[in-house]
Amino acid sequence: MSRTRTPVVPGWFAGEGDDFRLLGTRCSACASVFFPREDSFCRNPDCPGGELEEVPLSRRGRVWSYTDSRYRPPSPYVSDRELEWRPYALIAVELESEGLVVLGQTVPGVSVADLTVGMEVEVVPGVLNEDAETTWTTWHWRPTGVTA
Amino acid sequence: MTGDVAVLGAGMHPWGKWGRGFVEYGTVAAREALADAGLDWRQVDSIVGADTVRGGYPGYVAGATFAKALGWQGARVASVYAACASGAQAVDAARAQILSGLADVVLVVGADAAPKGFFRPAGGDRPDDPDWLRFRVLGATNPTYFGLYARRRMAVHGDTVEDFAQVKVKNAAMGALNPNARYRKRVTAEEVAASAVVADPLRLLDICATSDGAAALVLSGMEFARRHGAVDPVRIRAVSTVTPRYPRTVLDLPDIATDSAGSTVAAGPVADTFRASIARAAYEEAGIGPEDLSFAEVYDLSTALELQWYEDLGLCGEGEAAKLLREGTTALGGHIPVNVSGGLASFGEAVPAQAIAQVCELTWQLRGTAGDRQVAGARVGVTANQGLFGHGSAVIAVR
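Those sequence lines, one after another, are chains A and B. The numbering of the first sequence is the numbering used here, which starts it at 1 and goes up by one. The numbering of the second sequence is the numbering used here, which starts it at 1 and goes up by one.
Just chain A, same shape as in the assembly (with noise of 0.2 Å):
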């Protein structure tokens, strides 16, 4: 039986491909961009208050630092136990125009040894892991040019 594709957090990402973008919300009176999404009430203090609207972040951003998980992180991270731990990278991510840091993974295969502070790097669609009936989305980034 084929898995499911669900994304781990509902309506912080979409799209396919070339497509896929991080999703957040900004303020219609303020511009403030917000992610994770805030659909409620814009947090800038100084604002009067505007819509909150959907919004496609930046593809692509500049490395603000990076670092990995040497250990097997503790639940509610999930992974299997059954095999040797392997590290992830983690990188955060500088997206100039909406003037935010996201953090993320790094696609796999991506080590800290691939990576400088500053580097270009775009987010991907990846997976976090999978169950029984689910494969559980997530985004990535990856280093501009590699296309592994």
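For the record, the hints were derived by calculation from the structure and aren't laboratory data. Errors might be hidden in some of the hints.
To be verified - Covered by chain A, per the in silico footprint, the following chain B stretches (three or more residues, Cβ under 8 Å): (1) 194 to 200; (2) 256 to 265; (3) 353 to 360.
Just so you know, even glycine gets a beta-carbon here, dropped at the ideal spot from N, CA and C.
Fit chain B to the supplied structure of chain A, relying on the hints for placement.
Just chain B, lined up with the frame of chain A:
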């Protein structure tokens, strides 16, 4: 300027992994603080507990839990939670009661019994909780955030992993002199470099452990202190517990992203980072500046974060912290010793107790009773602390 409150007593249960409950640790610390103050528990008007999220409801209602353990005697009671800043908010609540005349003597207690390994969020599926989300979606443990900050410092300021290791070497040397510290062995730079990488570029010995421990303070009004015979007590002159200001543009725990710096409607750019604003609020309240400090106790969740605090406290300019460390300025005997207690590097974090423990160290240093780790001529000390969910604190004490 706000009035002073007196520190009449300070007490601790030693940090470690003792395998017992937080109530016992907290009660030991409270009794020690009361004995140090020369006061009986029945003379305490109010008790403020710093909450622990471990231990179920007794942890959430820590004030009442410690009051019951010490013996119900009808005191005013409060419990506060502010993540790692819980202890400082407990001190602040006690101070507010004293300065407003609601209480003459207040007992402040924080205690924790920490789990092994990484801190993790509370159980259950809670997709509306940012702390749950960062673990579920990213597996982003606290050390990964420390790793991000450390790498950023290396890229922007040229700090090296050898600089980070020297923070541990310094703090371990001072912790070796502190009977309340959990780790009391000196550590070499080679030992730091040989420890396992936890979150690149940080190694196990760059990152603070999680510990059992408890700290308590007996605070009073200045007039009560005089009547009690404490003619020249240590005084708390400022307690800063401010929130960040929008937009917060430095990624912080447990967030997945920063605020947007791109708003077109704002009162003006935010002049300093959250950590720097915590310190500035304390300096303004105390009417002093960093040049007046004798020493500082800062929240070294990682070695690299200690360096960050040098800059946020104004001990040096931005990017100059590693230089300050290399010159020995922040070592015992230097111009502005930092973490003479041994810091979190030597204690490990006992969350609700830690910010209170920082004030205990201020108290002993300002009294001149810190033994082998005494800062000569200590007159003014500051603590600095930061926790999850927009919490942080700085306390200034003088004598």
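For each hint, the structure was consulted:
As drawn, the stretch 194 to 200 of chain B meets chain A at 5 residues by the rule of a beta-carbon pair under 8 Å; at three or more, the given contact holds. Coverage of the stretch 256 to 265 of chain B by chain A holds. Counting CB-CB distances below 8 Å, 10 residues qualify, and the rule asks for three or more. Counting residues of the stretch 353 to 360 of chain B whose beta carbon lies closer than 8 Å to any beta carbon of chain A gives 0, which falls below the threshold of three, so the coverage claim is violated.
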